[in-house]
Structures are given as structure tokens and as C-alpha cells.
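J.: In the order they appear, the protein sequences are chains A and B. Letter by letter, the first sequence follows residues 118 to 367 of our numbering. Letter by letter, the second sequence follows residues 346 to 596 of our numbering.
In case anyone wonders, no lab produced these hints; they're calculated from the structure. Errors might be hidden in some of the hints.
Beta-carbon label-pair distances, calculated as ranges [claimed, not checked]:
#1 A:Glu174 x B:Leu365: 24 to 32 Å
#2 B:Ala382 x A:Phe128: 32 to 40 Å
#3 B:Phe496 x A:Gln132: 48 to 56 Å
All C-beta atoms, glycine included, are put in the ideal place defined by N, C-alpha and C.
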Amino acid sequence: MIAAKNIHKAFNGKQVLEGISAVFEEGKTNLIIGQSGSGKTVLLKCLVGLHRADSGEVWFHGVEYTALSRRQRSGMRRQIGMLFQGGALFDFATVEGNVMFPLTMFSSLSKGEQRDRAHACLERVNLINARKLQISELSGGMQKRAAIARAISLRPKYLFCDEPNSGLDPKTAILIDALIKEITVENSITTIINTHDMNSVMEIGDKVIFLYSGKKWWEGTKNDILDAENVELNEFVFANSLAKKARGMM
Amino acid sequence: MLPTSLYRLNFFTDIGRYLLLMRRVFSKPQRWRIFYAQALDEMMGLGISSLAMVAIVSIFVGAVIAIQTSLNLMSAPSYMVGLATRDSLILEFCSTMIALILAGKVGSNIASQIGSMRITEQIDALELMGINSACYLILPKMLAMVILAPFITIFSIALGIFGGLIGLALTDYLTVEQYIEGIQRDFTPYYVTYSIVKSMVFALIFVSVSSFWGYSVRHSTLEVGRNSTRAVVTSCICILIFNLLLTELLL
Numbered sequence: 118m119i120a121a122k123n124i125h126k127a128f129n130g131k132q133v134l135e136g137i138s139a140v141f142e143e144g145k146t147n148l149i150i151g152q153s154g155s156g157k158t159v160l161l162k163c164l165v166g167l168h169r170a171d172s173g174e175v176w177f178h179g180v181e182y183t184a185l186s187r188r189q190r191s192g193m194r195r196q197i198g199m200l201f202q203g204g205a206l207f208d209f210a211t212v213e214g215n216v217m218f219p220l221t222m223f224s225s226l227s228k229g230e231q232r233d234r235a236h237a238c239l240e241r242v243n244l245i246n247a248r249k250l251q252i253s254e255l256s257g258g259m260q261k262r263a264a265i266a267r268a269i270s271l272r273p274k275y276l277f278c279d280e281p282n283s284g285l286d287p288k289t290a291i292l293i294d295a296l297i298k299e300i301t302v303e304n305s306i307t308t309i310i311n312t313h314d315m316n317s318v319m320e321i322g323d324k325v326i327f328l329y330s331g332k333k334w335w336e337g338t339k340n341d342i343l344d345a346e347n348v349e350l351n352e353f354v355f356a357n358s359l360a361k362k363a364r365g366m367m
Numbered sequence: 346m347l348p349t350s351l352y353r354l355n356f357f358t359d360i361g362r363y364l365l366l367m368r369r370v371f372s373k374p375q376r377w378r379i380f381y382a383q384a385l386d387e388m389m390g391l392g393i394s395s396l397a398m399v400a401i402v403s404i405f406v407g408a409v410i411a412i413q414t415s416l417n418l419m420s421a422p423s424y425m426v427g428l429a430t431r432d433s434l435i436l437e438f439c440s441t442m443i444a445l446i447l448a449g450k451v452g453s454n455i456a457s458q459i460g461s462m463r464i465t466e467q468i469d470a471l472e473l474m475g476i477n478s479a480c481y482l483i484l485p486k487m488l489a490m491v492i493l494a495p496f497i498t499i500f501s502i503a504l505g506i507f508g509g510l511i512g513l514a515l516t517d518y519l520t521v522e523q524y525i526e527g528i529q530r531d532f533t534p535y536y537v538t539y540s541i542v543k544s545m546v547f548a549l550i551f552v553s554v555s556s557f558w559g560y561s562v563r564h565s566t567l568e569v570g571r572n573s574t575r576a577v578v579t580s581c582i583c584i585l586i587f588n589l590l591l592t593e594l595l596l
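With the rest of the complex left out, here is chain A:
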């Protein structure tokens, strides 16, 4: 379980997050949704420690992550896998090299065992045949899948995904969503996903948090979302005509 308590964050005097508190449940797919600029990515980066919150606490399984020293935090980060918006794959390595990278740096496995683990991860994301390719040779969807393989190579307890299907066609986006969901269930990972894609919310979301202007505006399950009375949430959810039709059919 991951808990955020009263997180505040400002950049150059502009308040981006205002008192966000939330609990992200273990073994579930937790979604943070909201419009562009609502503070989703900043919150995600505060949770993983890439941004230091101005005030507030982040707890991972009863450990106050925000109170740890840089060294202690480094140890903790090995339990975290993250899928960045652009993939953030290393240009200096092949697909296989990228997946092997965390294993080379942190595991005590032999070279052969590292390769076997990397192949298993690539197999899982259906990318084994592309293992020798350079990152520049991959399509957007393949890059996301390679990034997922890298994120799970050390068998993390927590998986963070920043807009995992942004820039992907609808079919590939569904595949990526399904893959994240399956990996979460298979490994009992606590997964937190930032998205503004309502399709993802309805497909894979267990718990949903809606951010609006840097504040937590609404919290519930995907089943509650269509019946919610919150005006801003409804504006966000029913922004496209397809969703409006779906509501009309209910």
C-alpha cells in the first residue's frame, strides 16, 4: 500500500499540488486522472521521489519514504518500476541491453541468468524477436512494451506508469493497458497509473482519483464514476460524445 498525506508542491510560486492525500491499494490498478495540467505527473513524481514535495509525506508499506536519506531511498527505489511517458529507454543500449540494465546494476545474477531473466520479461511483453534492435528502430508501442519489460525486470513491488498509452493508436493502447493490468495481477504489484484516457479508466481501473487544479476533487471506483454528481468530473468524463452516448444508454 502507498499513502500520500497532504502533499503540496509549487514551482516558481505557482501552486501545482494542494494538500493531496490518497491511499493506493496493494495488488490493484490505481488510476490518477485529470485534465492536462491538473498535476498528475507532478504527483506521480512526488510519490516516487523524482520531485521533492514542499510539504507532506509519502509512505510505502509503513515506511515514510519522504523521510529517508538519499542512500536509503536508493535502496527503496529498486522495488519501484516506472514506465515514463516517453519510455525513457537508454539510447546507448539495445532493447535487450535496456532490460538487462537494472539486473546488471543491482542483481547478483550471473550474466547468463541476467539474460534469461531479460528474455523472460521480453517474452512477457511479446518483444523477444526485437531484442537485438536499437531503441530508435522501435515503434511507439514497442518502446512502451520494452519500457514495461525493463520496469518489471527486478520484480518490483510497485509500478508507476505516466500516461502509458499517450501517442498510441487505440488498438495498441488497449494492448498496453491489458498488459499492465495482467502484470499487476500476476505479481500482486501496487500499480499507479496517470492517464486522461477514459477508455483505460473503464478497462483497467480498480480505484480512481480525479485531480482538478492541483486538488483531489473526487475518489471512487470505476463503477462509481458514471453516476458521480461532481460537475468537474462529469465535464472531464463526458467530454467526448461517445461517453455521453454511453451514459444515455445506461
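Starting from the known structure of chain A, arrange chain B on it as the hints suggest.
T.: Here is chain B on its own, set in the frame of chain A:
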């Protein structure tokens, strides 16, 4: 336009940020085996790939220095041309000028490489894995260039002197024998030590300064280009300042 006081504040802020970054750079690498492998790669990528340019510049500048010296020292003893060419190359050209050239070539390469990694979140990915990205990315480059700097300097001195010989052989200002006699006269080995020490300090400066500017990229690809230019300009100014300080201290 920023007021002057803000520019001054930025200057001191940048120095502070540079020192903080260096504190992170000079820490124990995560895995020594990987660190040595990276340093070897960087030697190939940054140093060895620069040798062709160093060779061309050294030969031509050596030839020009020899010809200009022979024109300026018409009435001096003939051995003076070789002696002056050799000492100019050892004392100044092969350490300072080559460092300035490398600051342009290698420095902009480092700044743009690290800057691109910053905006594509590759540095965030390293940090998130629990890796000290500053140490992982910058320390091997520093080690590689500091180790290679003496070899590049000696290589440049040898080719510069050879270039002088070619320059004089192609003209009739001085005979090759007179030039060779000159380069063997009154040789002070300490000058070579001085040149090597300078080149190592300069390598440390341009790698660290360029890495700092690359690391400082925050928002956009435009900033990568801007910071690459800043890296070269700042490195060159620092090299010139340290050249004066080291000359005062070591000679």
C-alpha cells in the same frame, strides 16, 4: 532583459549548483566493473575519435609556427627557430590550444548528450532505479579524458614539431638540419611535465563544465542547443583563467 543584479545572482547560483553536482559526481560508483568498462568506452568515444583532428591541427600549426619564427628571427642564430618552435608548442599550443579545441568538440558533444538524456527522462529513469546519475554519467568521462590528456598532449607535441620540419622543408627559410639542431638544444624536461599537468587540469575543467550544462537542461530541446553553446563558452573562459593561474604557479 534581466537586471545586472540578477545576472550576478545567476552566476553565483550556477557556481553553487556546479559544486553540488561535483559532490555527487565524486562518489563511489555503483559497480566498479561497469565503471571501468564505461571509462574505456568513453576513451574511445571522446578521446581516440579526436586524435585525427588533433593531428591535423598540430601539424599545420607546427608548420606555421616554424615558418613565422624563422621569418621573425632572421638575424638570430639558426638553431633558435627549432628551439622557439619546440618551446612554443610544448608550453602553450599543445596543452592550451588543444584543450580549447577539445572543449569545442568534446564539450559540446557531452553537453548535448547529457542534455538529451535529461529531456527524454533517461536521467530520471536512472535516478528512479536508485543510480547516482551524476556519478554514472560524468565520472567515467572525466576519468577517460584525464587519463588520455597526457597522451594527446605528447602526440600533439610530436606532430607539431614534425609539422615544423615539413613546413621548413617545403620552404627555403631554414634547412632541416638547422631545425633539427634547434629542437635538440637546451631542452627543459620540466616544460613537458608542466604541459601535461595543464592538459589534465583543462580536461577536468571542460568535461565537468560541459557535463554541468548538459545536466542543467530542464525543459526543451532548444535548451540543449543553448546549453551546448554555454558549455563551450564557459569551458574556454575557465581554461584561459586556469592557464594563467597554473602558469603563475608552475613556472
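J.: Confirm or reject each hint.
T.: How the hints compare with the structure:
For the pair glutamate 174 (chain A) and leucine 365 (chain B), the beta carbons lie near 25 Å from each other, so the given range of 24 to 32 Å is met. Checked against the given bound of 32 to 40 Å, the beta carbons of alanine 382 (chain B) and phenylalanine 128 (chain A), roughly 38 Å apart, stay inside it. Checked against the hint of 48 to 56 Å, the pair phenylalanine 496 (chain B) and glutamine 132 (chain A) passes, with Cβ atoms roughly 55 Å apart.
Violated hints for the displayed structure: none, as all numbered hints are satisfied.
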